[in-house]
Each structure stands twice: as structure tokens, then as C-alpha cells.
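Q: Chain order of the listed sequences is H and E. Position 65 of the first sequence, counting from 1, maps to 65 under our numbering, and the rest follow consecutively. Position 44 of the second sequence, counting from 1, maps to 1044 under our numbering, and the rest follow consecutively.
Please keep in mind that the hints were generated in silico from the structure rather than gathered at the bench. Just to be clear, a hint being listed does not mean it is correct.
[Unchecked claim] Covered by chain H, per the in silico footprint, the following chain E stretches (three or more residues, Cβ under 8 angstroms): (1) 1079-1086; (2) 1177-1190; (3) 1212-1219.
Every residue, glycine too, gets a C-beta built ideally from N, C-alpha and C.
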Amino acid sequence: MSTLRMNKLQKRYDNGFEAVPGLDLEIHDGEFLVLVGPSGCGKSTVLRMVAGLEDITGGELMIDDVVVNGMGPQQRDIAMVFQSYALYPNMTVADNIAFAMKLRKTDKEEIKTKVAEVAELLELTPVLDRKPGQLSGGQRQRVAMGRAIVRNPKLFLMDEPLSNLDAKLRVQTRAEISKLQRRLGVTTMYVTHDQIEAMTMGDRVAVLRRGVLMQCATPADLYESPENLFVAQFIGSPSMNVVRGSVSCSAEDDIDLTVGSQTISLSGEAAGRLKGLRSYDGRDIAVGIRSEALGGDGTSSIDVTVDLVEMLGSELLVHSTIEAPAVRAIDTGVELSDQRKSSIVASLDPRNQVKVGDRLRLAVDTLRMHAFDLETGEAIGRR
Amino acid sequence: MRLQLVKAAEHGSVVNWPLDQPLSEWSIDGMQKVAGLHRHVVRMVEGEISYVVKEIPDLLAEREWRLLRELAEAGLPTAEVIGVVTGRDDDADGLLITRHLDFSLPYRTLLSGRGLRIPYLGERMLDALAGLLVRLHLAGFYWGDCSLSNTLFRRDANALAAYIIDVETGERHETLSVGQRRLDLQIATENVLGGLLDLQMGGLLADGIDPVETALAIEQSYERLWAELTEVDEFNADETFLVDKRLRRLHDLGFDAAELELVTTVDGSRLRLVPRVVEHGFHAQRLRALTGLEAGENQSRRLLNDISRYRAVLEQRGGRKVPESVAAARWLDERFERALAAIPPEMASKLEPAELYHQVLEHRWFLSERAGGDVGLDETVASYVADVLANAPAEQILTLDDI
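Here chain H stands alone, though its shape is the one from the complex (with noise of 0.2 angstroms):
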């Protein structure tokens, strides 16, 4: 049972550079953080320093309530899963899963106790006598974590684990990781640039860029309510269409939403949703919408011209072109585009019969709408 608190976790190194200017996070006891961001976004930097493998420049870790700064990896008591690591073919799985508790003089007893124990977690009960050769890929998969849980640790730590894996073997190791936390229950921190993985896996996901937290929320708070449009476009696939729009309010609370020549109207809820456009009157803003919203139910539409139609199967994804800027974070904020059209991406249902050349009118669920800030990239919201 174990939380980890950063407070205003700081990475700078020697030239000046600052990885991670102040990190503020928290993980629950038993919960599994993700931690996401595009390379370069200083997670696997956080990660390190909570590991013990990059001295922390500012600001402390807490292991539940103790400050860890100076301590090393092995006394944080902390288990980084998923270095490589290899069965021995001459061992049993009970050996193959207990040997290292060898160096630290485990007495005998408590080695088949505790080997028993995670055997039984990880269903390997009725192999522990056999050895390697004798495994099936997913049991010999289990042995090598079976090594990293039989440790006790108060955290988990994995640093994009599957990212040498094939796609198939991913989702199935993804599956089994977090099955197996959840049996656990030992807080965990996850470090990936995969989205789908942080989405899929996560109790809650941390977004950073540049070493700031840009959001920490569920998978489902993410994905619904981004507080920033750098969120809303790295989460989700594919990404959040985002166009420059201008707003208009009536007396009434109703919201009109100008994109290129073509007009959103909200009222009612949907207005209500997006309060706070009453203070962007009559200027531009980011208007965002994913592309699932587009073309199904809606109260508003919007007319466009299809470019490309993708056929996944399970979804039609519709490519094409509206008369409006495109909208994007960067790293240093947010960049208009100075093409007066751009892409949008809507996906309807498989057995849509739309061509390349149509003339569309994709309904706008405008209860699913997003709006943000064209300076700051600020979602603008209830307030």
C-alpha cells in the first residue's frame, strides 16, 4: 500500500536545461498512472527520477509521506518491471521467480511462501515445478514478471515496455498488465508516447509537454472535457478536428458559431456547455469537435465536399475539406494556419455509400463540442 507525491519535482541539468521545471502529481495507492506525452516531453525524466536513476535538482518525491531525494533505487523499494529478462532453462519457475532472493539471504521458508503466493496471482500454480522449455509464450511472459512481483515492491515502475513488441503481442501484453495490476493492487507507475496504450490502461492518465502537466484525468475525462488543446489533439484517434471560428451571442443564450462561411448554432444545453463563449463575443476562437461527433445525430450541420473516405471496418472515416483555418498546439503555443481551408475527419457508420466528390452535410452533435482559447489554448468552458 503506497502513495507517491511530487512536489514541484524539478529536472534541471548542468548547460541550463530544464527537463521538468516543477511537477506537482500524485499517485493514489493502488492506482495505475500513466504517464504520456509525445519524445521529448520529459516522462521517461520523471520516470528516471523517481527510479533513483536521475538525482532531482528541485522540489521532493514522497514515498508514502517520506522524502526519498536521497535515496538510492534499492532503497526506495521500488520494482522497475520489464528490463529484459531471460529464463533459465535448468530452473524451475519457482526458481526462475524466486533465485535473486538468494543475494538477500531470504530464508527458505519464506522464499516458498512468498513464490507460492505469486504463483497463485499470476496463475502458475500447477507449472511451478517445470521448466522454461516447458511453458507456453504467455506462462513464460507471467514467470518474468512473476520475478519483479515476488519482490514486495510499494511501486511499479515501467518504462514503455511494449514498445518492442508487435502490434499483436502489445494489446494481448496490455491486457495482461493490467489485469494483473488490478489483482495486485500495487500503485504503478507506466511511462508510453502511445496514446491508445495510456487511454486503455490507465486508473488516470498525466499528459506533460515540454516537462509541464498539461491535464490529469481519467481516460473517459480526458477524452470528454480537455482543459487545453494540446490535450485534445494528442488524445484520441484520430485527432480532434480544430478550426478557427468566430463567436456571436444573442440576447437570449443562444451561441452562434461562424466557421469559414458556415454557421453552429447552440442553444439549450449545448450553450450551456459552453458558457463561457458569453465573454468571447464578436472574437475568434479555436472551435473543436471530434471526428465521431460529426455525421451522426445533431441538431446543427455543416456542409462540405468529401476528399478521401477510408474504410476501417468497424467505422467509415470521411476526409474532407471546410472553409476555415486549421488550429493546432505546438510547443511553443498555439499556430494558426494561414490556409484559408482545411482538413476535417468524420467517421460514420461502415455502411455509409459516400464517395470522393460528394457533396456533404455532416450533422454537428453540438452537445460534443469543444472550444478553446486561440492565444493560450485554454479550454473555454462553463465558466
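On the provided structure of chain H, position chain E as indicated by the hints.
A: Relative to the frame of chain H, chain E by itself:
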């Protein structure tokens, strides 16, 4: 498909291999399986130049290709990487091609006690491994998976030299933090224990090697060497002879300080000595400079001692001083090459030349002790060939059948 190849003129035969086929299905001349624990498919292609081919995902293959070259450029002991193949059809894994490290001994052979005996084998092995880890860490290289399977050993006089051959988990940094070094050491200790226990359980571990004690001793050996190479010495301003003493200790360990920093304390009464750049191969470089011979560090130390001894003999005979370079040239001609030429060619290839000569010297000592007086080189070589080398296995390339 993309093949990147170095020294194409020397390794042109690689182009004719079935690079687009799964490695397990290759059937070209000289194909052998490679013994040891492997996570991937690994094969050896034996020939005039022998190669080891490993099938791993493209990303890993590119990474190892880059890291192995960096290690080689940094003068660290590793297998020579020859080529990498990526982008094969149907998302097949890539191929990493390295040159076989001739006269290398996989740990399973070494620790089973086969072949020519190495005294204090367990200690020698852990010293070699600890020494390798120290050298890697000094160069800012974090291994992440130091193990007996990822290391090859070569005889180096009565010691062993260790070579890193698998760098899938490796990372290169400017310098390593204490935490990184400690974690690397912890991984090494656990992996070595696993490797030794596995051999023991398979009935393949030579007597006298305790897996737990040997694994635990790696950390002590590492820390001792690390301290010797990096610790800051402080002494009185009138004790500068201690600088010499420190340098000699470094040399004894096979290292040289390419850069030293001497800093006076504020009141000028004390000096602090900080080794800044420490390089391995002090004796090997001296031997190469004097004779052009390539040899391991301990082999070089041995041969340099023999050159010194021969120089003393020449000076006594001639009644005058003999410059070191002259003595070395005569030693090369009258001792080293003469001894090797007396060994039948089919046996001379069993061991590296420097190792052969070292063993001849060891045998000479043994014969001289027994005889109670010096035994000549010619007699020594004849006895060595008949009594030792004739029964020794060839170690240039060890195949699965040899293990």
C-alpha cells in the same frame, strides 16, 4: 529492404546471403546455431571471416547498430558490428550482423571447466565482468542487462578479458548518475547469479565456484576498481611522490590517466588529485608501440615483462646498455616469433598468438621449477606442444558441438 554495411570490400559476401528470408530458414555454407540463452534467433556463419547474425525488431537493430559503433569508437571492448538489415517484407524483424569474436569463450564453456585450465576461474570471471562494467560506466554507458549471456570472455594471460556483445537495453549518457550505476550493478549481480545457478542445476558448473558468493563479489570488485579510478586523493604539498604512486596503481590495473587535475587547497598546504580521464589499455598500448603486436592488457603486461627480461640478458651479454626499442625488436625476432614458428601450424591456431606465448612462458616456469634451473625456450616449446597444446581444444571458433 535496406542493408547498411561497413567496409563493404572486406565483407562483401554478406550481400549474397538470403537477407530477405527468415534467419531460421537460412541454409548457406558455414551456418551454425549459437549456444547460450537467446531471446531471439541467432546464427553464426563460419568462414574465412566468421559472423554472428541476430534477428531482432528493426528499431532494436538500428539502435544496437548505432550503440555498438559508439562503443567501438570509444575504445570499449565489444564485438565489431558489420551491418544491419531493416525494412524487410511482411514486417519481418531486422538483422544485426557482427563479426565473430575469435578466441572468445562463451560462459558455458568457460565455467564448465573445459579446455585449458584457468586458475581461480570464478574470481577471474567476476573481475573481468566488474572491470568491463567500470569501463562502460566511465564512458557514460548504461548497460541495463549485464549478464553472462551478453558477455564473451577471452583468455588474457592468467586473467580473462570481457567483451559486451548485446546492447539492446543500453543507453549512452554524458555521465552516469550514482543511481544508474547502482541499478546496473544490481542487474548484473542478479543476472550473474541466475546464469551460475542455471549452470549448476544443469550439472555444468566447474567445482569451486559458489554462485551466490561469486555474484555478491561483483559489487565489491566493481566498487574497489571504481574507487581506485575515480576517487580524489588529498595529500600534503611535499608528498608529490604520491602522484606517482597513484599512477602506478592505475597502471597495475591496466589503466592510464590521460588527464589529471592537481588542485591546491585554499591555504596551499594540501593538494587534491582528481583523475579526469582514465583510459584502459596502458600495457597494450605500450606493447603495440614497441612491437606492433595486438594483445590483451594482461597478455601485454606479461610480454612487456619478458621484453624487459630479455633486454637485461642482452645488456649482460653485450656489456652495454640496450635501448628498449632495440630490445623489443630483437625479442620479437629471437623469442616471440621463433617460439610461435616452432609450433605446428595446425596447433598454432588453437589460441591467440599472445596467449600461446604467455602459456609457453608459464610452462617454462613450471619446467624450470621442476628442473631446479632455467630451461631453454626450444625445449620448453617442444614440451608445451606435446604435453599441453596437443590435448587442448581449438578456441578460435567454438561451435555448438564444442560446448
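Q: For the segment 1079-1086 of chain E, do at least 3 residues have a Cβ located nearer than 8 angstroms to some Cβ of chain H?
A: Result for this restraint: violated, n = 0.
Q: Using a Cβ cutoff of 8 angstroms, are there at least 3 residues of the segment 1212-1219 of chain E near chain H, or does the coverage claim fail?
A: Per the Cβ count (3), the hint holds.
Q: So is the segment 1177-1190 of chain E in contact with chain H by the C-beta rule, three or more residues under 8 angstroms, or is the coverage claim wrong?
A: Check passed, 10 qualifying residues.
The earlier numbered hint that this structure contradicts is number 1, and it is the only one.
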